[in-house]
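2 protein chains.
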Amino acid sequence: MEMNEIFPKGQQLPNEWFSGNAFLTPLVAKDKNHEFSAGCVTFEPHARTVWHTHPKGQVLMVIDGNGFYQEKGKPAQPIKKGDVVNIPENVEHWHGASASNKMVHIAITNYKDDVQVTWLKPVSDEEYKDVYSH
Amino acid sequence: MEMNEIFPKGQQLPNEWFSGNAFLTPLVAKDKNHEFSAGCVTFEPHARTVWHTHPKGQVLMVIDGNGFYQEKGKPAQPIKKGDVVNIPENVEHWHGASASNKMVHIAITNYKDDVQVTWLKPVSDEEYKDVYSH
Chain A
1 MEMNEIFPKG QQLPNEWFSG NAFLTPLVAK DKNHEFSAGC VTFEPHARTV WHTHPKGQVL
61 MVIDGNGFYQ EKGKPAQPIK KGDVVNIPEN VEHWHGASAS NKMVHIAITN YKDDVQVTWL
121 KPVSDEEYKD VYSH
Chain B
135 MEMNEIFPKG QQLPNEWFSG NAFLTPLVAK DKNHEFSAGC VTFEPHARTV WHTHPKGQVL
195 MVIDGNGFYQ EKGKPAQPIK KGDVVNIPEN VEHWHGASAS NKMVHIAITN YKDDVQVTWL
255 KPVSDEEYKD VYSH
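From first to last, the protein sequence lines are chains A and B.
Heads up: the first sequence begins at 1 in my numbering, then just goes up one per residue.
Heads up: the second sequence begins at 135 in my numbering, then just goes up one per residue.
Keep in mind the hints are simulated off the structure, nothing from the lab.
Bear in mind the structure is a predicted one, so any value in this text is a computation, not a measurement.
Treat each hint with caution, since some may be false.
As the list claims (entries may be wrong) - Once the Cα atoms are required to be at most 35 Å apart in a straight line, the calculated DSBU-like pairs of lysine-lysine come out as:
| id | chain 1 | residue 1 | chain 2 | residue 2 |
| --- | --- | --- | --- | --- |
| 1 | B | LYS166 | B | LYS263 |
| 2 | A | LYS129 | B | LYS190 |
| 3 | A | LYS121 | B | LYS164 |
| 4 | B | LYS215 | A | LYS56 |
| 5 | A | LYS74 | B | LYS206 |
| 6 | B | LYS255 | A | LYS72 |
| 7 | A | LYS74 | B | LYS164 |
| 8 | B | LYS166 | A | LYS9 |
| 9 | B | LYS214 | A | LYS74 |
| 10 | B | LYS255 | A | LYS74 |
| 11 | B | LYS255 | A | LYS9 |
| 12 | A | LYS32 | B | LYS206 |
| 13 | A | LYS80 | B | LYS214 |
| 14 | B | LYS215 | A | LYS30 |
| 15 | B | LYS263 | A | LYS56 |
| 16 | B | LYS206 | A | LYS72 |
| 17 | A | LYS30 | A | LYS9 |
| 18 | A | LYS80 | B | LYS206 |
| 19 | B | LYS190 | A | LYS80 |
| 20 | A | LYS121 | B | LYS255 |
| 21 | A | LYS81 | A | LYS56 |
| 22 | B | LYS166 | A | LYS30 |
| 23 | B | LYS263 | A | LYS112 |
| 24 | B | LYS206 | A | LYS9 |
| 25 | A | LYS80 | B | LYS255 |
| 26 | A | LYS56 | B | LYS164 |
| 27 | B | LYS214 | A | LYS81 |
To be verified - Label-pair ranges, simulated between beta-carbon atoms:
| id | chain 1 | residue 1 | chain 2 | residue 2 | range |
| --- | --- | --- | --- | --- | --- |
| 28 | B | ALA163 | A | ASP113 | 19 to 25 Å |
| 29 | A | ASP113 | B | VAL225 | 37 to 43 Å |
| 30 | A | ALA99 | B | GLU226 | 29 to 35 Å |
Even glycine gets a Cβ: it sits at the ideal position worked out from N, Cα and C.
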């Protein structure tokens, strides 16, 4: 079984929602106590989510490597091992690896009723390259 | 700043609730989206929580070292880096490091109204030694 430093690398995520090679290991599911699910996501270099929103927010805890978090209309924010991002509700954003390193984060994603995420358009190569122009 | 592999070691936790040397770095607080808080807890060898309960459960994600999780009346369960424990509501239990290694876990602790935990009696040295007798 291929491992990251801590958790298994898991199953590849669909290219409809993730550009490049991204993988998920589920860690905990919504249940009678948890109004969230949590998992470990590994992004290989260049891999990233498509633009998306969460109806009740999400927490990212970066546990390896480095990458970016960007909210629509704002500069991309470099994130690295040890960083925590508290993503607000209904804010269009993406996250992913840098061009040269993988990025591994735990994601804790709240539910609003039965919805966790609304997937939007891919982050274009131009948008991705733009994170290096600032 | 003293670091673990990923997060800062943080502030020492009170001996009223933690036997031995345990440390906390808060990672995310309860807010309008999160009905939980999350933090990184480091237990030095022999360190452990006192017996306690959570009114709406807790998730542990072990990110370094190894230790034990024990529910009252059951054998202690060895836990190590990469393990996830989904602790039920209102079950008396403790967690902590092994006698020879530290244990570092992320803890995601749900709130029920404004309560996350009820602290009970310390895990005695006899109870702690007993985890090695099975």
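Quick rundown of the hints versus the structure:
1. B:LYS166 with B:LYS263: Roughly 43 Å separates the two Cα atoms, so the pair is violated.
2. A:LYS129 with B:LYS190: Answer violated: LYS129 (chain A) to LYS190 (chain B) is near 44 Å, above 35 Å.
3. A:LYS121 with B:LYS164: holds, 31 Å
4. B:LYS215 with A:LYS56: holds, 30 Å
5. A:LYS74 with B:LYS206: violated, 51 Å
6. B:LYS255 with A:LYS72: violated, 50 Å
7. A:LYS74 with B:LYS164: holds, 26 Å
8. B:LYS166 with A:LYS9: Given that 35 Å is the threshold and the Cα spacing comes to 32 Å, the pair holds.
9. B:LYS214 with A:LYS74: violated, 40 Å
10. B:LYS255 with A:LYS74: violated, 50 Å
11. B:LYS255 with A:LYS9: The hint is violated at about 39 Å.
12. A:LYS32 with B:LYS206: Since the Cα atoms of LYS32 (chain A) and LYS206 (chain B) sit roughly 22 Å apart, the hinted pair holds (cutoff 35 Å).
13. A:LYS80 with B:LYS214: holds, 24 Å
14. B:LYS215 with A:LYS30: holds, 22 Å
15. B:LYS263 with A:LYS56: Violated. LYS263 (chain B) to LYS56 (chain A) sits at ~44 Å, over the 35 Å cutoff.
16. B:LYS206 with A:LYS72: violated, 49 Å
17. A:LYS30 with A:LYS9: At roughly 21 Å apart (the allowed maximum being 35 Å), LYS9 (chain A) and LYS30 (chain A) satisfy the hint.
18. A:LYS80 with B:LYS206: Given that 35 Å is the threshold and the Cα spacing comes to 39 Å, the pair is violated.
19. B:LYS190 with A:LYS80: holds, 32 Å
20. A:LYS121 with B:LYS255: Violated, at about 54 Å.
21. A:LYS81 with A:LYS56: Holds, at roughly 24 Å.
22. B:LYS166 with A:LYS30: holds, 18 Å
23. B:LYS263 with A:LYS112: Violated, because 45 Å separates the two Cα atoms, which is more than 35 Å.
24. B:LYS206 with A:LYS9: holds, 34 Å
25. A:LYS80 with B:LYS255: violated, 39 Å
26. A:LYS56 with B:LYS164: holds, 13 Å
27. B:LYS214 with A:LYS81: holds, 20 Å
28. B:ALA163 with A:ASP113: 19 to 25 Å: holds, 24 Å
29. A:ASP113 with B:VAL225: 37 to 43 Å: 28 Å Cβ-Cβ, so the 37 to 43 Å window is violated.
30. A:ALA99 with B:GLU226: 29 to 35 Å: violated, 50 Å
Consistency note: the structure conflicts with the earlier hints numbered 1, 2, 5, 6, 9, 10, 11, 15, 16, 18, 20, 23, 25, 29 and 30.
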